[in-house]
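Engineer: Below, each chain spelled out in residue letters.
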Amino acid sequence: KQEVTQIPAALSVPEGENLVLNCSFTDSAIYNLQWFRQDPGKGLTSLLLIQSSQREQTSGRLNASLDKSSGRSTLYIAASQPGDSATYLCAVKGGSYIPTFGRGTSLIVHP
Amino acid sequence: EAGVAQSPRYKIIEKRQSVAFWCNPISGHATLYWYQQILGQGPKLLIQFQNNGVVDDSQLPKDRFSAERLKGVDSTLKIQPAKLEDSAVYLCASSRPPSNTGELFFGEGSRLTVL
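Chains as they are written, first to last, in my numbering: chain A, 201 to 311; chain B, 970 to 1084.
What the hints contain is simulated information worked out from the structure, not anything from laboratory work. Heads up, a few of these hints could be off.
Derived pair list, reagent style DSS-like, types lysine-lysine, alpha-carbon separation capped at 27 Å [claimed, not checked]:
id, chain 1, residue 1, chain 2, residue 2
1, B, Lys984, A, Lys268
2, B, Lys1047, B, Lys1031
3, B, Lys1013, B, Lys1052
4, B, Lys1013, A, Lys268
5, A, Lys201, B, Lys1013
6, B, Lys980, B, Lys1013
7, A, Lys242, B, Lys1052
8, A, Lys201, B, Lys980
9, A, Lys201, B, Lys984
10, B, Lys1052, B, Lys1031
Some but not every residue of chain A turned toward chain B, in silico, with C-beta under 8 Å [to be verified]:
id, residue
11, Ser228
12, Tyr231
13, Lys242
14, Ser246
15, Ile250
As the structure is a computational prediction, the values presented were derived from the model and not from experiment. For glycine and all other residues, C-beta sits at the position ideal for the given N, C-alpha and C.
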């Protein structure tokens, strides 16, 4: 059974810092990994999707990498802004095409 | 393209009552998921449909939860009777083909409070 862990659980940083959020998974036989953002009281918004054959994906200030052999993905946020404050979740899609989620990293960026 | 639609957004019920949530996925998305998200936790899969067939419902509490996806389009999740621990956000998601590599898209969720 796939298990997904996200570290740290919470993070509070001043505006402008570069951040790294971590996602690890136990079964490396995956199809893809997807990073989401969740604002309070809202659904999940897709940020980046990395297929198993890819090593990284970039969108604006966000960069996600994937290392299947070590069971890890990182989400890099450059020059953080208060508007980046949210919970960040990763989901790993493996056998039976079932996406399994971590518990998320709660991020606060203060001015 | 219209997103995943869910209703109602909020529902408050007494324990032992019943409730139903509705989801309309993005047009053309064959795979539909229902997740339960308890406050402070990541989403937990309840059931996955491929068209109108069930792919996985191993974590669905079948004594009180049921779900259907008639005609392979919209879906309904029902809870009867509700318990206090069912208080959560119920998220619906759909995925474009192919099922193994398709990106997930979520609705806004339905927040359930059981008193």
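Engineer: If a hint holds in the structure, say so; if it does not, say that too.
Structural biologist: Here is what the structure says about each hint:
1. B:Lys984 - A:Lys268: violated (44 Å)
2. B:Lys1047 - B:Lys1031: Satisfied, since the Cα-Cα distance of roughly 10 Å is no more than 27 Å.
3. B:Lys1013 - B:Lys1052: Distance ~17 Å between Lys1013 (chain B) and Lys1052 (chain B) Cα, so the pair holds.
4. B:Lys1013 - A:Lys268: holds (23 Å)
5. A:Lys201 - B:Lys1013: Distance ~13 Å between Lys201 (chain A) and Lys1013 (chain B) Cα, so the pair holds.
6. B:Lys980 - B:Lys1013: Holds, because 20 Å separates the two Cα atoms, which is no more than 27 Å.
7. A:Lys242 - B:Lys1052: Satisfied, since the Cα-Cα distance of roughly 23 Å is no more than 27 Å.
8. A:Lys201 - B:Lys980: violated (33 Å)
9. A:Lys201 - B:Lys984: violated (32 Å)
10. B:Lys1052 - B:Lys1031: holds (13 Å)
11. Ser228: Where the cut-off is 8 Å and the nearest Cβ of chain B is about 15 Å from Ser228 (chain A), the hint is violated.
12. Tyr231: Holds, about 4 Å.
13. Lys242: At 6 Å from the nearest chain B Cβ, Lys242 (chain A) passes the 8 Å test, so the hint holds.
14. Ser246: Given a least distance of 6 Å, the restraint on Ser246 (chain A) holds.
15. Ile250: Interface hint status for Ile250 (chain A): violated (10 Å vs cutoff 8 Å).
In terms of the numbered hints stated before, the structure departs from hints 1, 8, 9, 11 and 15, listed from lowest to highest.
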